[in-house]
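For chain A, the structure is supplied; the task is to place chain B on it using the hints.
2 protein chains.
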Amino acid sequence: MISEQYKSMLGGKSVIRELSEFAAARGKEIGYENVFDYSLGNPSVPVPHTFTDTLIKLLKEKDPMELHGYSPSLGIASVKEKIADSLNRRFSMNYKPEHIFPTSGAAAALAHAFRAVTAPGDEILTFAPFFPEYHPYVDLTGAKLKVVPADTNNFQINFAAMEELLTSKVTAVLINTPNNPTGVVYSEETLKKLACVLTEKAEQFGHDIFLISDEPYREIVFEEKKAPYVSQYYPNTIVCYSFSKSLSLPGERIGYVAVNPECREAETIVQMCGQISRGIGHNCPSSLIQLGVAEVLDETSDLQVYEVNRNLIYDCLIRLGFTCVKPDGTFYIFPKALEEDAKEFCKKALDYDLILVPGDSFGCPGYFRMAYCIETEKVMRSLIMLEKFVKEVYGVKESV
Amino acid sequence: MISEQYKSMLGGKSVIRELSEFAAARGKEIGYENVFDYSLGNPSVPVPHTFTDTLIKLLKEKDPMELHGYSPSLGIASVKEKIADSLNRRFSMNYKPEHIFPTSGAAAALAHAFRAVTAPGDEILTFAPFFPEYHPYVDLTGAKLKVVPADTNNFQINFAAMEELLTSKVTAVLINTPNNPTGVVYSEETLKKLACVLTEKAEQFGHDIFLISDEPYREIVFEEKKAPYVSQYYPNTIVCYSFSKSLSLPGERIGYVAVNPECREAETIVQMCGQISRGIGHNCPSSLIQLGVAEVLDETSDLQVYEVNRNLIYDCLIRLGFTCVKPDGTFYIFPKALEEDAKEFCKKALDYDLILVPGDSFGCPGYFRMAYCIETEKVMRSLIMLEKFVKEVYGVKESV
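Residue numbers (my numbering), protein chains in the order written: chain A, 1 to 400; chain B, 1 to 400.
For reference, chain A alone in the conformation it holds in the complex:
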């Protein structure tokens, strides 16, 4: 019989997708170059040439049966080894290939991590504002996602609110730094305090609390800074990584789980991922793509454009009187709307062909997200329109 559970989900369309479809439709009317589409987090800079060249070389030179043959259920050994080496080199870790499990992007990595360290009925804590897909990702495992309200002052962790929700039912905590939608990077201080709280509570409850660190934006940090590497602060950390953003490969669905070598039963957790795959139909990412990214692990796309865009947008927002935390990385910014209902605000912005996403589905009403992975020239034109929108609708502050 047709599953009522999944059928009933069909009504609840993603707000981001809806806005993105609106932008595409509007683009057909007035030319997409005139739609200031800040809806989707689709990278706007190409993958490094090395990746393309590697794939072409593999296709031309390697025995196709070997190239396209079954990969081992825990991933291609040489790829796992290269990922471990790259992480060790860049973040002073001690990963072995046995700690790495290649996945079809971060979504698949999270699907494995949740199942590895929670049971149905358990609670997973995350922090607002958060990527709205966390809800179906978690809820469909049988665990429950609980959301700690935001600290809107700086979008670090609201520890007071966290402690209220951190009951013994919580077996995993999910963080995302650099953060979608705020662009904020959790500070060393935040991560140390988080580790402290989790260690204390795990002892008090008599069971482990795993930290699941969703890190697709790890490499996109501005002003030549680096995001603190989460696993260095807490042993029971499981990294879920994706190359979608750093290498601009979202359609290729490639990422990995990296279990901290100091994590309890680290290697067992990776082996369990192989078992989880059997139930969720995962069975490894594409061999060709695994082998391709293995050659560009220390590279990224040319990410500079995101910093240029951030500066332009942030400066303009401040000038126009918005309240806004300055992003440290990613390609998102999360300002406060100019009226209480951010949905109304974003709706009015549509009249100016500004596609902004209200913060409600990120668990932070009253704010809105701009995904500024678009061309800088378009950003500049959009800011002229933003100023027009703000002046005409809200009448605040003149241009300086």
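Each hint should be verified, as a subset may be incorrect.
[As the list claims (entries may be wrong)] If the Cβ cut is set under 10 Å, some of the chain A residues that face chain B in the computed set are:
| id | residue |
| --- | --- |
| 1 | Ile2 |
| 2 | Ser14 |
| 3 | Ile280 |
[What the hints assert, rightly or not] Label pairs and their in silico Cβ distance ranges:
| id | chain 1 | residue 1 | chain 2 | residue 2 | range |
| --- | --- | --- | --- | --- | --- |
| 4 | A | His207 | B | Asp341 | 38 to 48 Å |
| 5 | A | Lys62 | B | Gly12 | 27 to 37 Å |
| 6 | B | His207 | A | Gly321 | 52 to 62 Å |
| 7 | B | Asn153 | A | Pro72 | 36 to 46 Å |
[Said to hold, decoys possible] Facing chain A, according to a computed beta carbon distance under 8 Å, are these residues of chain B, among others:
| id | residue |
| --- | --- |
| 8 | Leu10 |
| 9 | Asn42 |
| 10 | Val47 |
| 11 | Leu55 |
| 12 | Ala119 |
| 13 | Thr268 |
| 14 | Gln271 |
| 15 | Ile280 |
Hints listed in this document are in silico derivations from the structure and should not be mistaken for laboratory results. No residue lacks a Cβ here, since even glycine has one placed at the ideal position from N, Cα and C.
The following block gives chain B in isolation, referenced to the frame of chain A:
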């Protein structure tokens, strides 16, 4: 906390994998060319050049942001259209792109199909002998796999045994034709009778019974025959396809779900697959690979070798006194062992470097599987060894 459910699965290693690992280890001792490894269903003929050429062309010519960008959550529109057209052309169907959902191989296709038409607690019926992975595939959805005993006379469906197990708890029936491990193709007569039984029982129970048709071997049929196309016989049919075998691309994880246009709520089921993906972390197969296979939908690898191998092996088995149903397709054969315990039989064969898989894990004890996707020259050498084994251990029949 670490999931006890998945941790407890770590003991139960796949027999096929174990034998394959044994073969690899033995290969290191005596040279892999001397190990007659019939364990794994890994294709032994290369993908058609068109596929490789298409990928190289895409990589060289297409805008990398478009090529590697997010694909829509229900798959790339042009790919879906081409798959529908190819199926319509070849099997006189009326698929539209809305009936097609690209997946990461057949495993992912099955993971979606099971969830779309069953709820936890429901029963899914399948037929022995069957691909052993069906157990974790089904059981981890919360549904239960029930196995109808084999009709060892011809490995068609044992309808008497089926009717005993077909209770109102059954909401889906899973078939695999051409079949792994027997190589048998279900006849038109079998499919018509199956459709008849399912229609009658669905009416009696007052609920739909869906037919999930796992078809990775659909194109590998011998003597220029075609396998009957299952969806033509029963409206509520969901095809789960993989290009792994027909195009020799198992590592690329590419396949699809094709819902019969005459199926109840066919388009809704495809949309539900998009929702199911959110829970299991699927989110589409690789864009590059989707676009690549779309150009070779009517092609296959050069599959002749499998027929040559079948003839050699079947003839030899019969000559040596084995009881064996002649395979119509795939690259498997499933003879009766020469002693009651096929595990013992296969164990003894190891002394002759013959790697055979006992039928127990396929739900059919007393038989064994040979995956003859290996070079013909090796098949010929292996048959000399098989004859030696049979004569020395069982002393039956002289060579004719």
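So, going through the hints one by one against the coordinates:
1. For the restraint placing Ile2 of chain A at the interface with chain B, the shortest Cβ-Cβ distance is roughly 6 Å, inside the 10 Å limit, so the hint holds.
2. Taking 10 Å as the C-beta cut-off, the interface hint given for Ser14 of chain A holds, the closest approach to chain B being about 9 Å.
3. A distance limit of 10 Å between C-beta atoms decides the matter here; for Ile280 of chain A the minimum to chain B is near 4 Å, and the interface restraint holds.
4. Taking the beta carbon of each, His207 of chain A and Asp341 of chain B are about 44 Å apart, inside 38 to 48 Å as hinted.
5. For the hinted restraint 27 to 37 Å between Lys62 of chain A and Gly12 of chain B, the CB-CB distance of approximately 34 Å keeps it satisfied.
6. Taken as a hint, the range 52 to 62 Å holds for the pair His207 of chain B and Gly321 of chain A, whose Cβ atoms sit roughly 60 Å apart.
7. Taking 36 to 46 Å as the suggested C-beta distance range, the pair Asn153 of chain B and Pro72 of chain A conforms, at roughly 38 Å.
8. Interface hint status for Leu10 of chain B: upheld, as the beta-carbon distance to the closest one in chain A is roughly 6 Å, under 8 Å.
9. Contact between Asn42 of chain B and chain A, as hinted, is supported at the beta carbon level, the nearest pair being about 5 Å apart and thus within 8 Å.
10. The beta carbon of Val47 of chain B comes within 5 Å of a beta carbon in chain A, closer than 8 Å, and the hint placing it at the interface holds.
11. The closest approach between the C-beta of Leu55 of chain B and any C-beta of chain A is roughly 6 Å, which is under the 8 Å cut-off, so the hint is satisfied.
12. Nearest Cβ of chain A to the Cβ of Ala119 of chain B: about 6 Å, under the 8 Å cut. The hint holds.
13. Interface hint status for Thr268 of chain B: upheld, as the beta-carbon distance to the closest one in chain A is roughly 7 Å, under 8 Å.
14. A cut of 8 Å between beta carbons decides the hint on Gln271 of chain B: the least distance to chain A is about 6 Å, and the hint holds.
15. For Ile280 of chain B, the interface hint holds, since its Cβ comes within 8 Å of a Cβ in chain A; the closest pair sits about 4 Å apart.
No hint from the list above goes unmet by this structure.
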